[in-house]
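Asker: The residues making up each chain are set out below.
2 protein chains.
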Amino acid sequence: MSANSRLTIAAHALAWIGLYQRQGHEVATSEQIAASANTNPVVIRRLLGELRRAGLVESRRGAGAGWSLARELESITLLDVYEAVEPGPLFAMHRTAPDQGCVVGHGIQPAMRGIYQDIEETLRHELARVTLEKVLRDVLAAPRRPV
Amino acid sequence: MSANSRLTIAAHALAWIGLYQRQGHEVATSEQIAASANTNPVVIRRLLGELRRAGLVESRRGAGAGWSLARELESITLLDVYEAVEPGPLFAMHRTAPDQGCVVGHGIQPAMRGIYQDIEETLRHELARVTLEKVLRDVLAAPRRPV
DNA sequence: ATCTGATGTAACAAGTATCGTTACGACAGT
DNA sequence: ACTGTCGTAACGATACTTGTTACATCAGAT
Chain A
1 MSANSRLTIA
11 AHALAWIGLY
21 QRQGHEVATS
31 EQIAASANTN
41 PVVIRRLLGE
51 LRRAGLVESR
61 RGAGAGWSLA
71 RELESITLLD
81 VYEAVEPGPL
91 FAMHRTAPDQ
101 GCVVGHGIQP
111 AMRGIYQDIE
121 ETLRHELARV
131 TLEKVLRDVL
141 AAPRRPV
Chain B
1 MSANSRLTIA
11 AHALAWIGLY
21 QRQGHEVATS
31 EQIAASANTN
41 PVVIRRLLGE
51 LRRAGLVESR
61 RGAGAGWSLA
71 RELESITLLD
81 VYEAVEPGPL
91 FAMHRTAPDQ
101 GCVVGHGIQP
111 AMRGIYQDIE
121 ETLRHELARV
131 TLEKVLRDVL
141 AAPRRPV
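If you read the sequences in order, they're chains A and B. For the first sequence, position 119 (counting from the first letter as 1) is numbered 119 according to our numbering, and the numbering increases by one without interruption. For the second sequence, position 104 (counting from the first letter as 1) is numbered 104 according to our numbering, and the numbering increases by one without interruption.
Just so you know, the hints here were simulated from the structure itself, not pulled from any lab data. Treat the hints with caution; some may be incorrect.
To be verified - Okay, the calculated beta carbon distance ranges per label pair:
| no. | chain 1 | residue 1 | chain 2 | residue 2 | range |
| --- | --- | --- | --- | --- | --- |
| 1 | B | R144 | A | A142 | 55 to 65 Å |
| 2 | B | L90 | A | A142 | 18 to 28 Å |
| 3 | B | P87 | A | A63 | 44 to 54 Å |
| 4 | B | Q23 | A | R129 | 44 to 54 Å |
| 5 | B | R95 | A | K134 | 21 to 31 Å |
| 6 | B | E31 | A | Q117 | 27 to 37 Å |
Stated by the list, open to error - Okay, the calculated bits of chain A under chain B, using three or more residues with CB under 8 Å as the criterion:
| no. | segment |
| --- | --- |
| 7 | 3-17 |
| 8 | 43-54 |
| 9 | 115-126 |
Just so it is clear, CB atoms sit at the ideal spot from N, CA and C, and this is done for glycine as well.
Using the sequences provided together with the hints, build the complete structure.
Answerer: Written out as structure tokens, the structure reads:
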């Protein structure tokens, strides 16, 4: 599976914005978040754009512009983020239709579709159990470097 | 997520071999399986090669060559197949290490690693619940075309 | 009204993975 | 020796992610 880091970076951005806002700031810029995630601001803007479409964050333009949470971290789950940034299914079917004249070729797609649906439902359930509030809590619980 | 069809095709191949053997044949050829899956025999050989490395199938060479199950369908689960054909993790970390001087950058990777581990463990548990015997049963239960 | 700093997007390159395909050597039974 | 199949390398097409540059757009501040 060509695993990507979209969910990780999106969670990173949300946790960063959430913490920044708790420190009294109104908005966070893509540049600040990109510096923390060690990537390019455009990558952050692209991801946050998808989160905005999902109603998780808001953005301001003009002077004093930036990003803010549209919901409390407590009410955002990894499932919300996952659905916002990972559109496709977890497992794909055959690229070309299997031989419908063969018993296996005929029945394999409905069979696997049903099985995959159950599995993805479980995955979504697990993702829904993790709030971004918990993510931030875990982040802050990481042991500091030795002094 | 760039979903691929490796798990689907591998399950297809195993179900096909299993059914074929129940019909009294000793071995199945990559060409027969490829015809059913509507793909190229080399694609099947590549996938079955990985399943062989995992101890799920065996292959014979020479004349009368082909593939056979190394275990009963009942004892093979989708987790066995998944582990054989999908090496990587489901979600990736940052490509480049985040800023360790930032609180979030410092704590995000251990946090997400722990969360992802739990989620992948659940996924594996779900995959382990589905045997290839059940896959074949579901395949054969698919409604036939109207006569 | 202009300046300024940030968003919103398009466009492109590099890297990586899957999938299909061709080619050919290796093998074992007839 | 012949034959059919595996085993595997090699290549191209396609697609996705990530990083990057560039630039128009916006809205508050001066």
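Asker: Each hint: holds or not?
Answerer: Outcome of the hint check:
1. R144/B - A142/A: 55 to 65 Å: holds, 57 Å
2. L90/B - A142/A: 18 to 28 Å: holds, 22 Å
3. P87/B - A63/A: 44 to 54 Å: Distance hint for P87/B, A63/A holds at roughly 49 Å.
4. Q23/B - R129/A: 44 to 54 Å: holds, 45 Å
5. R95/B - K134/A: 21 to 31 Å: Given a distance of about 25 Å, which is inside 21 to 31 Å, the answer is holds.
6. E31/B - Q117/A: 27 to 37 Å: holds, 32 Å
7. 3-17: holds (count 10)
8. 43-54: violated (count 0)
9. 115-126: holds (count 6)
The structure fails to meet hint 8 from the earlier list, while all remaining hints are met.
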